[in-house]
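Position in the sequence shown (from 1) plus 634 gives the number in the working numbering.
Be aware that one or more of the hints could be misleading.
[As the list claims (entries may be wrong)] In the SDA-like style, the derived pairs of lysine to any residue whose C-alpha atoms are separated by at most 25 Å in a straight line are:
1. Lys748 <-> Met675
2. Lys725 <-> Phe715
3. Lys649 <-> Ala667
4. Lys661 <-> Ala642
[What the hints assert, rightly or not] Listed next, with one range per pair, are the computed distances between beta-carbon atoms:
5. Gln648 <-> Tyr741: 41 to 47 Å
6. Met676 <-> Ile714: 18 to 24 Å
7. Ala693 <-> Arg645: 24 to 30 Å
8. Ala691 <-> Val643: 42 to 48 Å
9. Ser690 <-> Val721: 39 to 45 Å
10. Asn644 <-> Gln701: 36 to 42 Å
These are computed hints drawn from the structure, not numbers from a lab. The beta-carbon is built from N, C-alpha and C at its ideal position, and this holds for glycine as well.
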Amino acid sequence: MDAVMGKAVNRYDQKIARLDQMLGSKKALMTAALLLVAVMMMAIQAHAGTGGTSFSAVATKIEGWAQGDLGLAIVAGGLIFGVATMVFTGKGTVLAVVVGGAVALYYGIPVLIKIFAATAGTIISHTLILHGVA
Numbered sequence: 635m636d637a638v639m640g641k642a643v644n645r646y647d648q649k650i651a652r653l654d655q656m657l658g659s660k661k662a663l664m665t666a667a668l669l670l671v672a673v674m675m676m677a678i679q680a681h682a683g684t685g686g687t688s689f690s691a692v693a694t695k696i697e698g699w700a701q702g703d704l705g706l707a708i709v710a711g712g713l714i715f716g717v718a719t720m721v722f723t724g725k726g727t728v729l730a731v732v733v734g735g736a737v738a739l740y741y742g743i744p745v746l747i748k749i750f751a752a753t754a755g756t757i758i759s760h761t762l763i764l765h766g767v768a
């Protein structure tokens, strides 16, 4: 039994070490930054479309899930896992990833819905004109 547990703990430690190495890598950070720029460029290009209402019900349902009880359950489970991992390994990497994921889950979906909405550009430009940032 101890041998099986030892192998499982060893594999777990190896995976945590790989995750620490990946998050500390400049190459991974540059890849994430380039991916973010690519997504932003696609969002700008997507604004040129006419939009539609065919997926608005699905978008509303997903937003409700993310900000409702399902999102809370996912975040709570992730936080329990992250804290337990931090206590047993002494590394806060997993906890940081879980907290980042929780923030992205709660705030990311409404932001994406507003970005991809057909009227997002007019709302943004109207706000910039009203506040004199144009």
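Quick rundown of the hints versus the structure:
Between Lys748 and Met675 the CA atoms are separated by roughly 15 Å; this keeps the pair inside 25 Å, and the hint holds. For a cut-off of 25 Å, the pair hint linking Lys725 to Phe715 stands: about 13 Å separates their Cα positions. A distance of roughly 24 Å separates the Cα atoms of Lys649 and Ala667; the hinted pair therefore holds under the 25 Å criterion. For the suggested pair Lys661 and Ala642, the alpha carbons sit about 29 Å apart, so the restraint of at most 25 Å is broken.
A C-beta distance of roughly 33 Å is found between Gln648 and Tyr741, which places it outside the suggested range of 41 to 47 Å. Look at Met676 against Ile714: about 35 Å separates their beta carbons, and that is not inside 18 to 24 Å. Between Ala693 and Arg645 the C-beta distance comes to about 39 Å, which lies outside the given range of 24 to 30 Å. Distance hint check for Ala691 and Val643: the Cβ-Cβ separation is about 46 Å, which falls inside the suggested range of 42 to 48 Å.
At about 43 Å, the beta-carbon gap between Ser690 and Val721 stays in the expected band of 39 to 45 Å. At about 39 Å, the beta-carbon gap between Asn644 and Gln701 stays in the expected band of 36 to 42 Å.
Going through the hint list in order, the structure does not satisfy hints 4, 5, 6, 7.
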